[in-house]
Amino acid sequence: MNDILLFSVISLSAIGVAASVILFLIAQKFKVIEDPKIDVVEEVLPAANCGGCGYPGCRNFAEALVNSANKNKSIEGFNCPVGGSEVMGKVAEILGLEVEEQEPLIAVVRCNGSRANASQKISYDGPATCAFAHNLFSGENGCPYGCLGLGDCVVVCQFDAIYMNPETALPDVNDKCVACGACVEACPRDIIELRYKGKKDRRIFVSCVNKEKGGPARKNCKVACIGCGKCVEVCTFDAITLENNLAYIDYEKCKLCRKCVSVCPTGAIHELNFPSRKPKVEKTGEGDAALKKEKVIAAKKTESTKDNQQELKS
Amino acid sequence: MSILKTFKPGGVNPAENKLSANRPIEILNPPGQAFIPINQNLGAPAIPLVQKGDEVKVGQLIARGEAFISSNVHSSVSGKVLKIDNVVDPSGYKRPTIVINVEGDEWVPGIDRSSEIKKLVTLSQKEIIEKIKEMGIVGLGGAAFPSHVKLMVPDGKKAEFLLINGVECEPFLTSDHRLMLEKGEEILIGTSILMKGLGVDKAIIGIENNKPDAIDHLSGLAENYDGIKVQPLKVKYPQGGEKQLIKAIINREVPSGKLPIEVEAVVHNVGTAYAVYEAIQKNKPLIERVVTVTGRYLSKPSNFLARIGTPISDLFEKASGLPENTGKIIGGGPMMGKALISTETPVVKGTSGILLFSEEEASRVPVKNCIRCGRCIKVCPMGLEPVLLAQLSEREMYTQAELENVMDCIECGSCHYTCPSGRPLLDYIRLGKSKVGQIIRNRGKK
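Chains S and V are the protein sequences, given in the same order. At position 153 of the first sequence the residue is numbered 150 (the numbering used here), and the sequence of numbers has no breaks. At position 427 of the second sequence the residue is numbered 524 (the numbering used here), and the sequence of numbers has no breaks.
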């Protein structure tokens, strides 16, 4: 009885020891040597796994960063759009490198063919995906370049940053946008572009991608770029180029002077988040007078309501 | 009476609605302004030879197809070229189009416009192919594939059969039917020309059994022609598909991703046979075609012989006007046709019919969930699994879709037609096809 017990204990222990030795040897043989920095870098990345950096996920991005740091002693050209310069600064600190501060980007929808600006000519009731509709026809408002309004960009956004506006039937980008570029990829018409977010969120861009000549473009949409070239003439920074009847503002050169906005005959150039323009000097006076009048009237009204209230109380 | 031949597997039987079957072909006058797209065929667009202000005559070459798979375009009217502009064509997009202001009806000399039938074929095989290319003949069944390319048998292959497609399996359309009844002799001569061009001695004209008059008429005439036989077929959609017709008539299956020449057969449409007859015997380029204008609530469904480039609004006018409650205008038949986005869309070489749907007919049924009944798989004439392909395309799993042979889909629409849940299967498969096609092309570039 005792023999059996002893025998089984010893044999099992022997097997255990032998197996552990084998496992240890195999583990030594096939050891994966990984830079411990990768884990540290991954820790500071936002873990969004959005692919905005060009790598499949944050782990791969971290590996690429560490590899580049070890090989080239620089992490230039790498950028995490979600974390921005804050995260990239931390990464650089871990790797003992310096990083240039990059301007944050944001997705910009370059089409203003809303229901009001571009009337609906035909109705589409097929599958609600832009990719299919783009193969099928030029669009409900007839513009072969404009937004189809079926929301492929909304579907791919992981950050709740882009939504269809039911009034205009165009997508609106909000502050949650991290410029991962998923919507840019998804749009079959290349309408969405990543541009500098700009100081105080101020941006100027041509809100049209129509390459048709002026006449046909305007026929479908009131606010189309007609390629007149007035903005190119007025721009003092050579930021605007005109190609295929379409003006394009280079966001790296644009100094946000707003000259182009005022000369655009169709209103295709948009300014965002700018303070309203100062009216001309003469008009300012009138405007002030009008304002004063309004204030006086308002004051009177409040007085009268006070009187009424007092009457009511008494 | 033996059992009628047909293809396997799959197929559906939609209501035929051949409303205009008894209407003789009416010849339509040239339009006031003709819009002739330079890309009317599958393959590369032709290169325009005329400029703004040029005078052109009927039958004059106005755009030359330079690429291997490309086709010449001839003026269908006489007059002055107004401009070369982008005009909406049946693709739903604006494409380069030659716009001609019509003045009179002056033809290029050398075109025989008489109705006299010329039987004797004098040209050699090579000359026939050259002439078909010169005259801009494309497949008139709908896909508009340049016909001369089909006649050039690649080295190492040989053709045994010429199949002539008189099936017209699309509901509503009757243009081929009328052509067979009215131009039977010409079609048979065209067939013998195609036989000579291809170097075969056997031709079979496949006609569905719902056109007994056409079968009788052509069978009677075919007795005078060596090697041409008429084969009645059981009515089943999509029998007019190239691969389905080969399967039905000679019971051979075209391998996946291959052309019919692989099974030693070449298929041409009856309309093409007629166009070939006119090109070879009458020296007339492809400048007009038979177009069915139909619809269930149209008071006068008709068949017109219309010039290429005629805006479809002209056809409605002739066919008692565009009804008020029109919901959809479809270029082609109800199964494979595509909704047109403008009434100014011109008739092109591939326009076999114009179908009008009322608002009620045009509305889609609400899409419900898939109940896994498998009907789409049962009716798919290519033996594919439409439900799977549609799902893969919808979820952007294009690599998997390619493995499931999405590219073999002939886009007949049987799956969508039969789906009890009204799912837009074909729409998604088309999306998948275009994406997979892109992937394959990119792979080729690398």
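It is possible that part of the hints are untrue.
Calculated cross-link-like contacts (lysine-lysine; reagent style DSSO-like; alpha-carbon spacing at most 27 Å) [said to hold, decoys possible]:
hint : chain 1 : residue 1 : chain 2 : residue 2
1    : V       : K180      : S       : K210
2    : V       : K180      : S       : K219
3    : V       : K542      : V       : K532
4    : V       : K255      : S       : K216
Sample of chain V residues lacking proximity to chain S, with all beta carbon distances greater than 10 Å (derived) [what the hints assert, rightly or not]:
hint : residue
5    : E113
6    : A164
7    : V185
8    : G189
9    : Y322
10   : Y394
11   : I438
12   : L500
13   : P521
14   : D524
15   : Y525
16   : L528
What the hints contain is simulated information worked out from the structure, not anything from laboratory work. Just so it is clear, CB atoms sit at the ideal spot from N, CA and C, and this is done for glycine as well.
Evaluated hints:
In summary, the hint linking K180/V to K210/S is supported, as the alpha carbons are separated by about 14 Å, within the 27 Å threshold. Restraint check for K180/V and K219/S: satisfied, since their Cα atoms lie roughly 25 Å apart, inside the 27 Å limit. As the CA atoms of K542/V and K532/V are separated by approximately 16 Å, the hinted pair is consistent with the 27 Å bound. Restraint check for K255/V and K216/S: not satisfied, since their Cα atoms lie roughly 54 Å apart, outside the 27 Å limit.
At roughly 26 Å, the least C-beta separation between E113/V and chain S is larger than 10 Å, which holds for a residue marked as non-interface. The Cβ of A164/V lies farther than 10 Å from every Cβ of chain S, with a closest approach of about 22 Å, so its non-interface assignment holds. For V185/V, the shortest C-beta to C-beta distance to chain S comes to about 7 Å, within the 10 Å cut-off, and the non-interface label is violated. Not every CB of chain S is more than 10 Å from the CB of G189/V (nearest about 3 Å), against its label as outside the interface.
Annotated as non-interface, Y322/V keeps its C-beta farther than 10 Å from every C-beta of chain S; the closest such distance is 43 Å. No Cβ of chain S approaches the Cβ of Y394/V within 10 Å, the least distance being about 20 Å, so the stated non-interface status holds. The beta carbon of I438/V is not kept farther than 10 Å from every beta carbon of chain S, the shortest such distance being approximately 5 Å. With a minimum CB-CB distance of about 20 Å to chain S, L500/V clears the 10 Å threshold, and the non-interface call stands.
A beta-carbon of chain S comes within 10 Å of the beta-carbon of P521/V; the shortest separation is about 5 Å. In this structure D524/V is not separated from chain S by more than 10 Å, as the shortest Cβ-Cβ distance comes to only about 5 Å. Distance to chain S contradicts Y525/V as a non-interface residue, since its nearest Cβ pair spans about 6 Å, not more than 10 Å. Against the 10 Å criterion, L528/V falls within the reach of chain S, whose nearest CB is about 4 Å from its own CB.
In terms of the numbered hints stated before, the structure departs from hints 4, 7, 8, 11, 13, 14, 15, 16, listed from lowest to highest.
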